[in-house]
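**Student:** These are the residues of each chain, in order.
2 protein chains.
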Amino acid sequence: MLLRPSALVSKTLRHTSNDMRYVERMRLLEYWGIKDAALTSEFRRSQFLVMVDRKPLVRKKGASIQLACHSYPELQRSLGEYGFSFDTTNSCLLDAIEGPNNLMIPLLGTSLKAVEPPEDSPVRKDDVLRELAKSLNAQFMDMRMAMLGLTDEKDRNILAKFQSLSRWYKTYLRCPKCGSPLHMRVSKAGANCLMCPRVYYPTCSPVAITLVADPTDSYALLVRHKASAPGVYTAVAGFAQPGESLDECVRREIAEEIGVPVSKVVSLQRSQPWPMPNSSLMCAHYAVTEMSYKIDAAPSELESARWFSRDEVAVALKRTLDDPFLKGIPRDINERQELHYIPPQGAIAHQMIRAWVEQRQL
Amino acid sequence: MLLRPSALVSKTLRHTSNDMRYVERMRLLEYWGIKDAALTSEFRRSQFLVMVDRKPLVRKKGASIQLACHSYPELQRSLGEYGFSFDTTNSCLLDAIEGPNNLMIPLLGTSLKAVEPPEDSPVRKDDVLRELAKSLNAQFMDMRMAMLGLTDEKDRNILAKFQSLSRWYKTYLRCPKCGSPLHMRVSKAGANCLMCPRVYYPTCSPVAITLVADPTDSYALLVRHKASAPGVYTAVAGFAQPGESLDECVRREIAEEIGVPVSKVVSLQRSQPWPMPNSSLMCAHYAVTEMSYKIDAAPSELESARWFSRDEVAVALKRTLDDPFLKGIPRDINERQELHYIPPQGAIAHQMIRAWVEQRQL
Chain A
1 MLLRPSALVS
11 KTLRHTSNDM
21 RYVERMRLLE
31 YWGIKDAALT
41 SEFRRSQFLV
51 MVDRKPLVRK
61 KGASIQLACH
71 SYPELQRSLG
81 EYGFSFDTTN
91 SCLLDAIEGP
101 NNLMIPLLGT
111 SLKAVEPPED
121 SPVRKDDVLR
131 ELAKSLNAQF
141 MDMRMAMLGL
151 TDEKDRNILA
161 KFQSLSRWYK
171 TYLRCPKCGS
181 PLHMRVSKAG
191 ANCLMCPRVY
201 YPTCSPVAIT
211 LVADPTDSYA
221 LLVRHKASAP
231 GVYTAVAGFA
241 QPGESLDECV
251 RREIAEEIGV
261 PVSKVVSLQR
271 SQPWPMPNSS
281 LMCAHYAVTE
291 MSYKIDAAPS
301 ELESARWFSR
311 DEVAVALKRT
321 LDDPFLKGIP
331 RDINERQELH
341 YIPPQGAIAH
351 QMIRAWVEQR
361 QL
Chain B
1001 MLLRPSALVS
1011 KTLRHTSNDM
1021 RYVERMRLLE
1031 YWGIKDAALT
1041 SEFRRSQFLV
1051 MVDRKPLVRK
1061 KGASIQLACH
1071 SYPELQRSLG
1081 EYGFSFDTTN
1091 SCLLDAIEGP
1101 NNLMIPLLGT
1111 SLKAVEPPED
1121 SPVRKDDVLR
1131 ELAKSLNAQF
1141 MDMRMAMLGL
1151 TDEKDRNILA
1161 KFQSLSRWYK
1171 TYLRCPKCGS
1181 PLHMRVSKAG
1191 ANCLMCPRVY
1201 YPTCSPVAIT
1211 LVADPTDSYA
1221 LLVRHKASAP
1231 GVYTAVAGFA
1241 QPGESLDECV
1251 RREIAEEIGV
1261 PVSKVVSLQR
1271 SQPWPMPNSS
1281 LMCAHYAVTE
1291 MSYKIDAAPS
1301 ELESARWFSR
1311 DEVAVALKRT
1321 LDDPFLKGIP
1331 RDINERQELH
1341 YIPPQGAIAH
1351 QMIRAWVEQR
1361 QL
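For the protein sequence lines, the chains are A and B, in the order given.
Position 196 (the first sequence) corresponds to 196 in the numbering used here; numbering is contiguous.
Count along the second sequence from 1, then add 1000; that gives the number in the numbering used here.
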């Protein structure tokens, strides 16, 4: 196989999306998604995103955080030096991007696992990973931090796809119906059972995420999850179940989690893919309930659910914008139930709450 | 176990949804969804929907079609006479409904398979099912016909849940990661692997369904699927993939299926659960493209994609409303690619196309 020349040194990921070039790109992506031989033959021409132990490789420039993108030769050299190997089995198809000579090439995601050195080894895993990242002129970042901190929404969605597909192809090894091995496509866009005729696809689950306000739209009912960082309040969210519309999902989730009925549900017409805990599609909503209802937060899910005025939420928004990595989260146990922060800017909950504070459309 | 008296003879399904009673109902449903012993102890007090060979039991009154609902004793008597048995293993939890004395009781769905009699038997399966349905003062209806024809949207969503859960619990028998048997909850709202700590849930997959119009909003670009009945045109639809928003899904699907880019995407703020081919959540959208683009319908999916004026679509809408079971579909092969019908009223595509014809909000 001929390696194309190394015009492939764009150090961060570029996205293209205009008109017929976009149509061509989507159809090529669909083709590579199905045709194992075609995608395999592109492997060494591809560009790659990398994650090790669920930590993606990113590049920071001042306040900007972007996904780091590498050619096959670059990656082979650096990963090889640190004892990692990568091939079509631990890679998945993420996008079709501009390559040299106006040709489209695959963007692949390679997900690796670092082996812990023996206890008596002088080498520590974290040091190895730091050196590896340095050799690629980048750094590894916690998945959640990367999702919340990436500057570009397109980078964020590509990372969501990367993590969702990686998780999916590592889980779907056997047919849930008959237990036989599954044959996974090179793209990881589908898997066939080798015994029965079933085909499985990586899916995403719709989640309704809702900003609950009072009838005058002056107060917001925000919640603190058990797993949240101290002092962080956010919007209510829950998975849609089979047989319900998104509106019904909003009503049910608010009943289950906060114990109040709502009188009005509106779609905010925005959605965001999110890879944690699984592959989700967050769909933004707004709902209205009376402040006179007694709040009864479900203890299995929530630590607290409380009404806040727009001014109180505005203060928390400003604090979050000034301190986007929430370094000032309260240490004092008495402070953890107070509203200090909202989720950082990468989360759709942040955008929803911010739009509400600023009294504008999402 | 004490059987409660037979106030349980409401012959069609009633739904309740007001205020705190609604909150109580949702929380009870959540509780039964998790607690096997609690739901099992309610089994004989429950009301039941039934399907045999994927055909739900419905009741027709004039033009109205409703789900038929039965108490445990009624069902045990009739099913027993025809050699069927039902218990918690082939039933799933659908709702919490009003029982006697203002108590909530479960609404369960029982899904059965009819065995074909031996070839030399004088009895035919269809006759047995017809007799069984008659003994329950109801009739079996094809799943798609029932979904399209049920009068009440709540009935339709409950049937979507019934079919989605039935399909799910019959497929998820083994852990896709380790191949060990799964322990299915009585409600069928989740299943635990008996070996590894994984838990699986029945999911629904978001689908963007889109009415594509020209920039003047005078023409609609409708499609005919390979599997559609002759003469039926509808809106473009496709599953959202991990890592894309619904807007991105709309753009990609239209590029893949019709080969044109779109300049604008708007959410129509309505969604509908749909159980075919799998559990889907149809999310209604509107998109704009230029009529000057060359249409290039993907032959793997579509038989045809064509522009129609509002008047042409209005004629097909009227024909569909006058003949809701599409009995007049063209037999002539030359007519199958003409626009005769749109989908019947139970489909969100019908509602979207109708709202467009009538130039009003969905």
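Hints may be right or wrong, so weigh each one.
Each pair of labels, with its calculated beta carbon distance range [stated by the list, open to error]:
#1 B:E1024 to A:K318: 35 to 43 Å
#2 A:Q361 to B:Y1082: 52 to 60 Å
#3 B:L1362 to A:R319: 38 to 46 Å
#4 B:E1290 to A:Q337: 34 to 42 Å
#5 A:P324 to B:G1190: 33 to 41 Å
Sample of chain A residues at the chain B side, in silico, Cβ under 8 Å [unchecked claim]:
#6 M26
#7 L28
#8 E30
#9 L103
No lab work stands behind these hints: they were computed from the structure.
Here a beta-carbon is modelled for each residue, glycine too, at the ideal position from N, C-alpha and C.
**Student:** With reference to the structure, classify each hint as holding or not holding.
**Tutor:** Structure-based check of each hint:
1. Take E1024 (chain B) and K318 (chain A): their Cβ atoms lie about 40 Å apart, and the range 35 to 43 Å holds.
2. Between Q361 (chain A) and Y1082 (chain B), the C-beta spacing of about 58 Å keeps the proposed range 52 to 60 Å intact.
3. A hinted range of 38 to 46 Å holds for the C-beta pair L1362 (chain B) and R319 (chain A), which are about 40 Å apart.
4. Separation of E1290 (chain B) from Q337 (chain A) is about 55 Å and departs from the stated range, judged on CB atoms against 34 to 42 Å.
5. Range check, P324 (chain A) to G1190 (chain B): about 36 Å between beta-carbon atoms, so the 33 to 41 Å window is met.
6. Hint on M26 (chain A) holds. Least Cβ distance to chain B is approximately 4 Å, under the 8 Å limit.
7. Annotation: L28 (chain A) was flagged as interfacial toward chain B, and the flag is violated, the nearest CB pair being 10 Å apart, outside 8 Å.
8. A cut of 8 Å between beta carbons decides the hint on E30 (chain A): the least distance to chain B is about 5 Å, and the hint holds.
9. At a threshold of 8 Å, the smallest CB-CB gap from L103 (chain A) to chain B is about 19 Å, leaving the interface hint violated.
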